[in-house]
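**Q** Next come the chains, spelled out residue by residue.
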Amino acid sequence: MKKYQNFEARDFIQDESFRHWVRDPAGSQALFWQEYLTMHPEQEDVIRQARLFLEEIYAHYAEPVPQAEVQLELEKLRERVAVQPVRRLRVFTWVRWAAVLLILAGLGWWSWPEKPATPEPASLHWALKTNSGKEPVTVLLPDGSMVTLEKNSRLWYPVQFPKDKRAVQLYGDAFFDITKNPNHPFVVYTSELSTKVLGTSFWIYARPQTQKTVVQVRSGRVGVRVRTSTAVPTILNPQEQLTYDKRLDRLDKITLVKKRAVFREQTFDNAPVPRVLAELQRQFGVKINYNAEQLRNCSINTSFKEENLQERLSAICQAIGATYQVKGGQVFIQSDGCTP
Amino acid sequence: MISQHPHSLEAQHVWLQLCQGDSAALNQVAEWYYAALMNYGLKLERDRELVKDLLQELFLELWTRRESLPKPEDIKAYLFAILRNKIYRSYRQQSGYSHEAYPESLGSEELGVESLLIHQETQEEYHLRLTKALESLSPRQREIIFLHYYEGLSHDQIAEIMQLNHQSVYNLLSRSLKELRNAWVVGGVLWVTNALSFPFPEN
Numbered sequence: 033m034k035k036y037q038n039f040e041a042r043d044f045i046q047d048e049s050f051r052h053w054v055r056d057p058a059g060s061q062a063l064f065w066q067e068y069l070t071m072h073p074e075q076e077d078v079i080r081q082a083r084l085f086l087e088e089i090y091a092h093y094a095e096p097v098p099q100a101e102v103q104l105e106l107e108k109l110r111e112r113v114a115v116q117p118v119r120r121l122r123v124f125t126w127v128r129w130a131a132v133l134l135i136l137a138g139l140g141w142w143s144w145p146e147k148p149a150t151p152e153p154a155s156l157h158w159a160l161k162t163n164s165g166k167e168p169v170t171v172l173l174p175d176g177s178m179v180t181l182e183k184n185s186r187l188w189y190p191v192q193f194p195k196d197k198r199a200v201q202l203y204g205d206a207f208f209d210i211t212k213n214p215n216h217p218f219v220v221y222t223s224e225l226s227t228k229v230l231g232t233s234f235w236i237y238a239r240p241q242t243q244k245t246v247v248q249v250r251s252g253r254v255g256v257r258v259r260t261s262t263a264v265p266t267i268l269n270p271q272e273q274l275t276y277d278k279r280l281d282r283l284d285k286i287t288l289v290k291k292r293a294v295f296r297e298q299t300f301d302n303a304p305v306p307r308v309l310a311e312l313q314r315q316f317g318v319k320i321n322y323n324a325e326q327l328r329n330c331s332i333n334t335s336f337k338e339e340n341l342q343e344r345l346s347a348i349c350q351a352i353g354a355t356y357q358v359k360g361g362q363v364f365i366q367s368d369g370c371t372p
Numbered sequence: 002m003i004s005q006h007p008h009s010l011e012a013q014h015v016w017l018q019l020c021q022g023d024s025a026a027l028n029q030v031a032e033w034y035y036a037a038l039m040n041y042g043l044k045l046e047r048d049r050e051l052v053k054d055l056l057q058e059l060f061l062e063l064w065t066r067r068e069s070l071p072k073p074e075d076i077k078a079y080l081f082a083i084l085r086n087k088i089y090r091s092y093r094q095q096s097g098y099s100h101e102a103y104p105e106s107l108g109s110e111e112l113g114v115e116s117l118l119i120h121q122e123t124q125e126e127y128h129l130r131l132t133k134a135l136e137s138l139s140p141r142q143r144e145i146i147f148l149h150y151y152e153g154l155s156h157d158q159i160a161e162i163m164q165l166n167h168q169s170v171y172n173l174l175s176r177s178l179k180e181l182r183n184a185w186v187v188g189g190v191l192w193v194t195n196a197l198s199f200p201f202p203e204n
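Taken in sequence, the protein lines are chains W and U. Heads up, the first sequence stops at 372 in this note's numbering, and the numbers go up one at a time, no gaps. Heads up, the second sequence stops at 204 in this note's numbering, and the numbers go up one at a time, no gaps.
Don't take each hint at face value.
What the hints assert, rightly or not - Covered stretches of chain U, as calculated for chain W (at least 3 residues, CB under 8 Å):
| # | region |
| --- | --- |
| 1 | 78 to 85 |
| 2 | 149 to 159 |
Said to hold, decoys possible - Residues from chain W that keep clear of chain U, each with C-beta distances beyond 12 Å, as calculated:
| # | residue |
| --- | --- |
| 3 | 63 |
| 4 | 64 |
| 5 | 69 |
| 6 | 102 |
| 7 | 168 |
| 8 | 201 |
| 9 | 224 |
| 10 | 283 |
| 11 | 292 |
| 12 | 294 |
| 13 | 311 |
| 14 | 319 |
| 15 | 356 |
| 16 | 360 |
| 17 | 364 |
Claimed, not checked - Derived pair list, reagent style BS3-like, types lysine-lysine, alpha-carbon separation capped at 25 Å:
| # | chain 1 | residue 1 | chain 2 | residue 2 |
| --- | --- | --- | --- | --- |
| 18 | W | 197 | W | 161 |
| 19 | U | 53 | W | 161 |
| 20 | W | 337 | W | 319 |
| 21 | W | 108 | U | 53 |
| 22 | W | 183 | W | 244 |
| 23 | W | 166 | W | 337 |
If you're looking for bench data, these hints aren't it; they were derived computationally from the structure. Ideal placement from N, C-alpha and C gives every residue a C-beta, glycine not left out.
This is chain W alone, in the form it adopts within the complex (with noise of 0.2 Å):
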């Protein structure tokens, strides 16, 4: 502190944590200046003069650019970003995946390397699901796993994963529930933390605008990492929560006593199956196509508790000899009707 006891306003203006907290007096810096301004009332005046003088240049040359408009020029550039050619093409990469795996084979699989050695090929076509409504949507994607996306948030995934890796960015709250496959970890990217998954279902909440990321365990293990960082990933186990503080770089892990209802319970009583599908489409906001007149015969008995949406598909499939399949993020029920 005594550097700053013989300093001038003009000496104030050019000191860098001095800016810092004028610019933002609610920030890092504040509990310094305060208590500077108490421990130094000769002070005071020319603080004020200094302050004044910062104000109002950032007042003048402030210019917001609207969060609106950065995003909206931010997703033409992924899209445009997404459609850019293959530049060259690869041969030798299943060589260099048969070394990777060799390595992995031996070191497990938390220690796949987070950027494989070859790049990810810009041709990947990335589809944007914003979730704007009130309730929950879900995404089906390419590989069988599912999203819940709360309100106010958005997934990019690609339209087709690659063949080597599963990758999805997450802006905002959304649960997964990812399908097993051992061979290729399923990764979601948010801003601050990179997770990483075998198998699992886990809730993330990543809403861009707040210092907090949190991750939260239902099945299954979940590896997290801060993206920047190279420290060895946090491992989490069923009922664990993550939570990172961006503002102080922290990573805090509690274990939850409540375990959390993920779906709504749905009891279907003699139900005809129509109205089951039609309410199932409902709840997971995802389009269910079926043949009304197919399935007019069949009802169904049952009640669904943590069951996700393919879970519930398969119990009604079986129980009425259908099938279901997911294409374009969509269900298509085939079924050769009941016997009334």
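Once you have looked at the hints, place chain U on chain W.
**A** Okay, now just chain U, sitting in the frame of chain W:
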């Protein structure tokens, strides 16, 4: 506007990921710097759509050239410098400006003299006086005040962006502040309060 810029180490790390072909890293870089670049761009070029186009071009070029990108020590300054170059090039294309020519768009609307004839020292008067003073500076001077005091960039970063050597940055900055004070005193009416003795660094 509070800057959301990452720690420089963090930025370096993500930059490396970008060079290795991670499109999420490109997105992250864009997310970090887009608003600041846009704000800076609008100081040099009033055409908002043009600035947005140039920014798209800038980030797409980062992506297509990702394997041969330099590893700048300061990513923000590097991006500011590219944007500045792009805006200048667009000026030359538009009207055959020479490299030395400076866009006039850095200024804003004139303030009437009568607005200075205020008798009481208020925040508003202070504001008007400073605005007037800033407008009497040359575009280059206004730019350097913006980069240093608004964006909080160091002399070295400004040197890279404005393509000046360290000494020139220092000189331009002190001269700008000095003129800011002069314009202020000459343009002002009665400078009653402490601000009269408001000290600016002498060159």
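**Q** Would you mind marking each hint as holding or not holding in the structure?
**A** Each hint, compared with the structure:
Chain W is given as covering the region 78 to 85 of chain U, and this is violated because 0 residues of the stretch bring a CB closer than 8 Å to a CB of that chain, at least three being needed. Using a Cβ-Cβ cut-off of 8 Å, 3 residues of the region 149 to 159 of chain U lie near chain W, which meets the minimum of three, so the contact claim holds. Even its closest Cβ contact with chain U, about 16 Å, leaves residue 63/W beyond 12 Å, as expected for a residue assigned away from the interface. Residue placement check: residue 64/W keeps its beta carbon more than 12 Å from all beta carbons of chain U (closest about 17 Å).
Chain U leaves residue 69/W outside its interface by the beta-carbon criterion, the shortest separation being 17 Å against a cut-off of 12 Å. At roughly 5 Å from the closest C-beta of chain U, the C-beta of residue 102/W falls inside 12 Å, breaking its exclusion from the interface. Listed as outside the interface, residue 168/W is consistent with that label: its C-beta sits roughly 24 Å from the nearest C-beta of chain U, beyond the 12 Å cut-off. At roughly 5 Å from the closest C-beta of chain U, the C-beta of residue 201/W falls inside 12 Å, breaking its exclusion from the interface.
The Cβ of residue 224/W sits about 9 Å from the closest Cβ of chain U, inside the 12 Å cut-off, so the non-interface label is violated. Annotated as non-interface, residue 283/W keeps its C-beta farther than 12 Å from every C-beta of chain U; the closest such distance is 15 Å. A cut-off of 12 Å between C-beta atoms confirms that residue 292/W is not in contact with chain U; the least separation is 28 Å. Every beta carbon of chain U lies more than 12 Å from that of residue 294/W, the smallest distance being close to 27 Å; the non-interface claim holds.
Chain U leaves residue 311/W outside its interface by the beta-carbon criterion, the shortest separation being 36 Å against a cut-off of 12 Å. Every CB of chain U lies more than 12 Å from the CB of residue 319/W, the least distance being 28 Å, so the non-interface label holds. Interface exclusion of residue 356/W from chain U stands, the closest Cβ pair being 32 Å apart, more than 12 Å. Interface exclusion of residue 360/W from chain U stands, the closest Cβ pair being 22 Å apart, more than 12 Å.
No beta-carbon of chain U is positioned within 12 Å of the beta-carbon of residue 364/W; the least distance is around 31 Å. For the given pair, residue 197/W sits about 20 Å from residue 161/W by alpha-carbon distance, which is consistent with the 25 Å threshold. For the proposed pair residue 53/U and residue 161/W, the alpha carbon gap of about 24 Å is at most 25 Å, so the pair holds. This hinted pair checks out: residue 337/W and residue 319/W have alpha carbons roughly 21 Å apart, not beyond 25 Å.
Taken as a hint, the residue 108/W and residue 53/U pair is honoured in the structure, with Cα atoms around 11 Å apart against an allowance of 25 Å. For the suggested pair residue 183/W and residue 244/W, the alpha carbons sit about 18 Å apart, so the restraint of at most 25 Å is met. Between residue 166/W and residue 337/W, the direct Cα distance comes to roughly 22 Å. Compliance with the 25 Å bound is thereby established for this hinted pair.
Violated hints, in rising order: 1, 6, 8 and 9; the structure is consistent with all others.
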